[in-house]
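Sequence lines, in order, name chains D and S.
This note's numbering applies: residue 2 is where the first sequence begins, and numbers increase by one.
This note's numbering applies: residue 43 is where the second sequence begins, and numbers increase by one.
Derived from the structure by calculation, the hints contain no laboratory data.
In this text, all values refer to a predicted model and were calculated from it rather than measured experimentally.
Quick reminder that beta carbons are idealized off the backbone N, C-alpha and C, glycines included.
Some clues are possibly wrong.
[What the hints assert, rightly or not] List of simulated lysine to any residue pairs, SDA-like, C-alpha gap at most 25 Å:
| hint | chain 1 | residue 1 | chain 2 | residue 2 |
| --- | --- | --- | --- | --- |
| 1 | D | 77 | D | 33 |
| 2 | S | 137 | D | 102 |
| 3 | S | 129 | D | 129 |
| 4 | D | 84 | D | 74 |
| 5 | S | 129 | D | 40 |
| 6 | S | 168 | D | 130 |
| 7 | S | 137 | D | 40 |
| 8 | D | 131 | S | 132 |
| 9 | D | 131 | S | 169 |
| 10 | D | 84 | S | 124 |
| 11 | D | 42 | S | 131 |
| 12 | S | 168 | S | 68 |
| 13 | S | 129 | D | 125 |
| 14 | D | 131 | S | 95 |
| 15 | D | 26 | D | 16 |
| 16 | S | 170 | D | 126 |
| 17 | D | 131 | S | 126 |
| 18 | D | 127 | S | 172 |
| 19 | D | 127 | S | 417 |
| 20 | D | 42 | S | 130 |
| 21 | S | 502 | S | 417 |
| 22 | D | 127 | S | 490 |
| 23 | D | 127 | S | 57 |
| 24 | D | 77 | D | 99 |
| 25 | S | 137 | D | 119 |
| 26 | S | 490 | S | 395 |
| 27 | S | 137 | D | 16 |
| 28 | D | 127 | S | 95 |
| 29 | D | 131 | S | 124 |
| 30 | D | 131 | S | 101 |
| 31 | D | 127 | S | 125 |
| 32 | D | 131 | S | 417 |
| 33 | D | 131 | S | 440 |
| 34 | D | 131 | S | 69 |
[To be verified] Computed beta-carbon distance windows for the label pairs:
| hint | chain 1 | residue 1 | chain 2 | residue 2 | range |
| --- | --- | --- | --- | --- | --- |
| 35 | S | 357 | D | 58 | 53 to 59 Å |
| 36 | D | 127 | S | 55 | 27 to 33 Å |
| 37 | S | 165 | D | 39 | 37 to 43 Å |
[Said to hold, decoys possible] Not the full set, but computed from the structure, chain S residues with beta-carbon under 10 Å of chain D:
| hint | residue |
| --- | --- |
| 38 | 69 |
| 39 | 71 |
| 40 | 490 |
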Amino acid sequence: MTRLSRRAIATYVAQQLTTGTDSKKVVLQLAAYLVDTRRTKELSLIIRDIQFYLSEAGSVSGVITTATTLTAETKKAVEKYIKQQTGATTVALDSFIDPSVIGGVKVSIPGRELDATVSRNLTILKTRFKKA
Amino acid sequence: MTEISITELSNDLRNAIAKLETTGNLDEVGVVLRVGDGVAWVRGLRNAGFNEVLQIETGEGIVEAFALNLMEDEIGAVLLGEDSKVKAGQTVRLKGSVLSVPIGPELLGRVVDPLGRAIDGGPAIKTKQQGLVEREAIGVMGRKSVHEPLMTGISAIDVMFPIGRGQRELIIGDRQTGKTALAIDTMINQGKQNTGVVNVYVAIGQKRSKIARLVERLKQEGVMDQTIIVATSPADPASLLYLAPYAATAMGEYFRDNSQHALMIYDDLTKHAVAYRQMSLLLRRPPGREAYPGDVFYLHSRLLERSAKLSDDLGAGSLTALPIIETQAGDISAYIPTNVISITDGQIFLETDLFYQGIRPAISAGLSVSRVGGAAQSGAIKSVSGGLKLGLSQFRELASFAQFGSDLDEATKSQIERGQRLTELLKQHQYLPMSVWQQVASILAVTKGYFDTVPAAKIKAAQASMLTRLWADHKKDMTELDKGAKPTEEILKSIELTALSTAKGFEG
Numbered sequence: 002m003t004r005l006s007r008r009a010i011a012t013y014v015a016q017q018l019t020t021g022t023d024s025k026k027v028v029l030q031l032a033a034y035l036v037d038t039r040r041t042k043e044l045s046l047i048i049r050d051i052q053f054y055l056s057e058a059g060s061v062s063g064v065i066t067t068a069t070t071l072t073a074e075t076k077k078a079v080e081k082y083i084k085q086q087t088g089a090t091t092v093a094l095d096s097f098i099d100p101s102v103i104g105g106v107k108v109s110i111p112g113r114e115l116d117a118t119v120s121r122n123l124t125i126l127k128t129r130f131k132k133a
Numbered sequence: 043m044t045e046i047s048i049t050e051l052s053n054d055l056r057n058a059i060a061k062l063e064t065t066g067n068l069d070e071v072g073v074v075l076r077v078g079d080g081v082a083w084v085r086g087l088r089n090a091g092f093n094e095v096l097q098i099e100t101g102e103g104i105v106e107a108f109a110l111n112l113m114e115d116e117i118g119a120v121l122l123g124e125d126s127k128v129k130a131g132q133t134v135r136l137k138g139s140v141l142s143v144p145i146g147p148e149l150l151g152r153v154v155d156p157l158g159r160a161i162d163g164g165p166a167i168k169t170k171q172q173g174l175v176e177r178e179a180i181g182v183m184g185r186k187s188v189h190e191p192l193m194t195g196i197s198a199i200d201v202m203f204p205i206g207r208g209q210r211e212l213i214i215g216d217r218q219t220g221k222t223a224l225a226i227d228t229m230i231n232q233g234k235q236n237t238g239v240v241n242v243y244v245a246i247g248q249k250r251s252k253i254a255r256l257v258e259r260l261k262q263e264g265v266m267d268q269t270i271i272v273a274t275s276p277a278d279p280a281s282l283l284y285l286a287p288y289a290a291t292a293m294g295e296y297f298r299d300n301s302q303h304a305l306m307i308y309d310d311l312t313k314h315a316v317a318y319r320q321m322s323l324l325l326r327r328p329p330g331r332e333a334y335p336g337d338v339f340y341l342h343s344r345l346l347e348r349s350a351k352l353s354d355d356l357g358a359g360s361l362t363a364l365p366i367i368e369t370q371a372g373d374i375s376a377y378i379p380t381n382v383i384s385i386t387d388g389q390i391f392l393e394t395d396l397f398y399q400g401i402r403p404a405i406s407a408g409l410s411v412s413r414v415g416g417a418a419q420s421g422a423i424k425s426v427s428g429g430l431k432l433g434l435s436q437f438r439e440l441a442s443f444a445q446f447g448s449d450l451d452e453a454t455k456s457q458i459e460r461g462q463r464l465t466e467l468l469k470q471h472q473y474l475p476m477s478v479w480q481q482v483a484s485i486l487a488v489t490k491g492y493f494d495t496v497p498a499a500k501i502k503a504a505q506a507s508m509l510t511r512l513w514a515d516h517k518k519d520m521t522e523l524d525k526g527a528k529p530t531e532e533i534l535k536s537i538e539l540t541a542l543s544t545a546k547g548f549e550g
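When you get a sec, could you build the whole thing from the sequences and use the hints?
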């Protein structure tokens with residue numbers, strides 16, 4: 002049997018989910034395939050790929066990382082921005098607090114990222130100084 | 043129509059760009075899946091292009107890599123920095139550009155790495171332009187046939203295997219046969235003869251101490267000001283060794299495209315092929331002959347095709363290439379040597395046996411050839427070069443037969459004797475390139491028989507004496523001859539008389 006690429010598997014699963022196939026059935030199918038082909042280690046990568054194809058179909062899920070707690074208003078504004086940028090119909094963002102970002106915000110959605118954190122700017126600055 | 047202020051427009055554009063940059067965008071990102079041996083495997087970045095630069099965000103800054111394997115599920119990228127800083131899970135972004143290096147006259151006199159960063163301890167290099175590391179070679183209509191000589195200052199080459207501007211001439215031979223020495227002498231000659239040719243020396247995996255010695259020598263000879271050295275050492279990652287010749291060619295192309303002349307020395311392409319083989323095997327590309335990947339021919343052909351003589355419409359600049367290949371036990375039929383021999387416009391083959399017999403440069407007259415340089419030879423050199431190559435290879439053949447017996451006829455004896463004199467005459471010390479008039483007068487003295495009474499052992503001394511006398515007594519004629527035109531009867535007469543009178547003082 003030819004080995005299916007992760008991309009092919011993820012596209013198939015995302016297609017099934019968006020066309021209204023019972024998700025439990027799809028999950029079982031995928032699990033059986035991965036066990037049968039001994040590819041269970043690739044599960045997390047396949048899930049990320051499925052997320053990517055679902056976001057292309059208009060259902061975006063992602064993470065907002067900040068140093069301090071985000072207000073509901075800010076979160077809504079970010080969700081609106083993501084909708085505008087991606088043309089998604091539904092956006093679901095989980096908030097995550099990480100003091101190491103120092104300040105600013107980082108929004109990660111499948112395959113794309115907006116990183117306006119202080120820590121990233123410091124990394125860029127560090128690289129520039131190293132080059133000079 | 044409203045008047046448009048360019049300054050205002052430029053300022054507005056700059057502000058708009060700065061604003062966009064600080065506002066932040068949803069960038070396409072990928073993730074490092076695994077890393078090792080200078081190769082990072084990245085998931086995501088579906089829009090990455092071949093050779094595009096990727097930026098990996100590590101804790102200690104951004105490490106750059108370039109995408110070489112674009113596969114369905116992942117990208118194989120070769121790191122341009124240390125792989126110890128890169129870890130699985132780190133974010134990768136597209137830089138939005140393919141590899142480019144600084145180019146321009148600001149690089150002259152500097153030693154840089156393949157990314158154009160100064161490694162000579164001098165100030166950072168700031169150029170006005172950037173050049174693409176990988177660039178398509180000039181097309182057919184943009185080229186002109188090779189017709190101007192590129193003097194190496196080494197009589198054996200200039201007379202028998204002339205190199206023209208825009209030509210690719212391979213220097214091939216075993217280790218320790220004087221390959222690099224030939225290239226360095228050619229670089230020095232460009233300075234000594236004021237040819238205006240810019241030298242670009244690419245050291246691929248060369249010891250740093252060797253590069254330091256070379257720089258010192260070039261400074262002593264006063265050539266460093268018209269030289270760029272692109273250096274990589276064995277301690278550098280294979281990616282940098284792979285990039286070095288392409289980056290250096292981009293630097294040389296700047297001069298070619300600005301109606302100037304540049305000389306590229308790739309020292310050496312064997313190490314380059316080995317670095318590429320390492321990268322390819324790590325990228326899991328299928329190995330072929332000698333474990334080299336299938337596109338190892340293209341690796342060198344696309345590089346050397348960039349050397350060209352441009353048409354007058356494009357400014358008539360030129361880029362000449364002297365690639366170097368190291369053979370194992372004189373085997374020129376190995377994979378990489380045959381590839382490069384077939385790509386180039388000729389080769390200068392250096393033989394170990396000749397080297398240890400004291401014939402230096404140890405050029406093999408039989409195996410060396412220049413396919414296009416003849417058209418570029420100046421009138422002066424052409425007037426003395428006829429039949430020299432054939433005569434010398436016949437002599438070497440005869441000489442090896444003569445070892446078996448002493449009963450030789452007079453004609454053979456005289457041919458052997460003249461061959462011995464010629465061989466002695468073509469010996470040349472390192473760092474002492476000869477000008478056109480010196481080469482013409484020396485060759486004439488032997489081939490016309492003026493030095494027939496001088497024993498082979500005294501030929502070099504007689505040559506030095508004759509050249510000194512010629513310069514002292516006929517400076518004007520020799521300066522005229524140096525311009526490259528066919529020597530007049532008057533000049534030929536003065537060379538004959540000086541040579542004959544010099545020979546009297548050195549008779550055996």
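Here is what the structure says about each hint:
Note on residue 77 (chain D) and residue 33 (chain D): the hinted pairing is violated, with a Cα-Cα distance of about 39 Å set against a maximum of 25 Å. The straight-line distance between the Cα atoms of residue 137 (chain S) and residue 102 (chain D) is roughly 22 Å, inside the 25 Å bound, and the hint therefore holds. Under the criterion of a C-alpha separation no larger than 25 Å, the hint pairing residue 129 (chain S) with residue 129 (chain D) is consistent with the structure, at around 21 Å. This hinted pair checks out: residue 84 (chain D) and residue 74 (chain D) have alpha carbons roughly 15 Å apart, not beyond 25 Å.
Between the alpha carbons of residue 129 (chain S) and residue 40 (chain D) the distance comes to roughly 23 Å, so the proposed pair stays at or under 25 Å and holds. As the CA atoms of residue 168 (chain S) and residue 130 (chain D) are separated by approximately 15 Å, the hinted pair is consistent with the 25 Å bound. At most 25 Å may separate the alpha-carbon atoms for a hinted pair to count; residue 137 (chain S) and residue 40 (chain D) exceed this at roughly 32 Å. With a C-alpha separation of about 20 Å, the suggested pairing of residue 131 (chain D) with residue 132 (chain S) holds against the 25 Å cut-off.
Distance check on the hinted pair: residue 131 (chain D) and residue 169 (chain S) sit about 18 Å apart at the alpha-carbon level, within 25 Å; holds. For the proposed pair residue 84 (chain D) and residue 124 (chain S), the alpha carbon gap of about 39 Å is over 25 Å, so the pair is violated. With a C-alpha separation of about 15 Å, the suggested pair residue 42 (chain D) and residue 131 (chain S) falls inside the 25 Å cut-off, and the hint holds. Simply put, residue 168 (chain S) and residue 68 (chain S) have alpha-carbon atoms about 31 Å apart, too far for the 25 Å limit, and the pair is violated.
Proposed proximity of residue 129 (chain S) and residue 125 (chain D) is supported: the alpha carbons are some 18 Å apart, at most 25 Å. Between the alpha carbons of residue 131 (chain D) and residue 95 (chain S) the distance comes to roughly 18 Å, so the proposed pair stays at or under 25 Å and holds. Between residue 26 (chain D) and residue 16 (chain D) the alpha-carbon distance is near 13 Å, which keeps this suggested pair within the 25 Å criterion. Of the supplied pair hints, the one linking residue 170 (chain S) and residue 126 (chain D) holds, its CA atoms being roughly 23 Å apart against a limit of 25 Å.
For the given pair, residue 131 (chain D) sits about 17 Å from residue 126 (chain S) by alpha-carbon distance, which is consistent with the 25 Å threshold. A hinted pair counts as satisfied when its Cα atoms are at most 25 Å apart, and residue 127 (chain D) with residue 172 (chain S) qualifies at roughly 23 Å. With a C-alpha separation of about 55 Å, the suggested pairing of residue 127 (chain D) with residue 417 (chain S) is violated against the 25 Å cut-off. Pair hint residue 42 (chain D) plus residue 130 (chain S) holds up; C-alpha atoms about 15 Å apart against a cutoff of 25 Å.
For a cut-off of 25 Å, the pair hint linking residue 502 (chain S) to residue 417 (chain S) is broken: about 30 Å separates their Cα positions. For the given pair, residue 127 (chain D) sits about 70 Å from residue 490 (chain S) by alpha-carbon distance, which is inconsistent with the 25 Å threshold. Of the supplied pair hints, the one linking residue 127 (chain D) and residue 57 (chain S) holds, its CA atoms being roughly 24 Å apart against a limit of 25 Å. Our distance criterion of 25 Å between C-alpha atoms is met by residue 77 (chain D) and residue 99 (chain D), whose separation comes to about 20 Å.
Taking the CA atoms of residue 137 (chain S) and residue 119 (chain D), the gap is about 20 Å. The hint holds against a cut of 25 Å. Between residue 490 (chain S) and residue 395 (chain S) the alpha-carbon distance is near 29 Å, which puts this suggested pair outside the 25 Å criterion. The hinted pair formed by residue 137 (chain S) and residue 16 (chain D) fails the criterion: a straight-line CA distance of about 32 Å is larger than 25 Å. Note on residue 127 (chain D) and residue 95 (chain S): the hinted pairing holds, with a Cα-Cα distance of about 19 Å set against a maximum of 25 Å.
At most 25 Å may separate the alpha-carbon atoms for a hinted pair to count; residue 131 (chain D) and residue 124 (chain S) meet this at roughly 14 Å. Taken as a hint, the residue 131 (chain D) and residue 101 (chain S) pair is honoured in the structure, with Cα atoms around 13 Å apart against an allowance of 25 Å. For the proposed pair residue 127 (chain D) and residue 125 (chain S), the alpha carbon gap of about 18 Å is at most 25 Å, so the pair holds. A distance of roughly 50 Å separates the Cα atoms of residue 131 (chain D) and residue 417 (chain S); the hinted pair therefore is violated under the 25 Å criterion.
With a CA separation close to 64 Å, the supplied pair residue 131 (chain D) and residue 440 (chain S) exceeds the 25 Å bound. Of the pairs offered as hints, the one joining residue 131 (chain D) and residue 69 (chain S) holds, with about 24 Å between alpha carbons and a cut-off of 25 Å not exceeded. A hinted range of 53 to 59 Å for the beta carbons of residue 357 (chain S) and residue 58 (chain D) is consistent with their spacing of about 54 Å. As the Cβ distance of residue 127 (chain D) to residue 55 (chain S) is approximately 28 Å, the hint placing it in 27 to 33 Å holds.
For the hinted restraint 37 to 43 Å between residue 165 (chain S) and residue 39 (chain D), the CB-CB distance of approximately 57 Å leaves it violated. The interface hint given for residue 69 (chain S) is met, as the beta carbon of that residue sits about 6 Å from the closest beta carbon of chain D, less than 10 Å. Taken as an interface hint, residue 71 (chain S) checks out: its beta carbon lies about 4 Å from the nearest beta carbon of chain D, inside 10 Å. The closest approach between the C-beta of residue 490 (chain S) and any C-beta of chain D is roughly 62 Å, which is over the 10 Å cut-off, so the hint fails.
When each numbered hint is compared with the structure, violations occur for hints 1, 7, 10, 12, 19, 21, 22, 26, 27, 32, 33, 37, 40.
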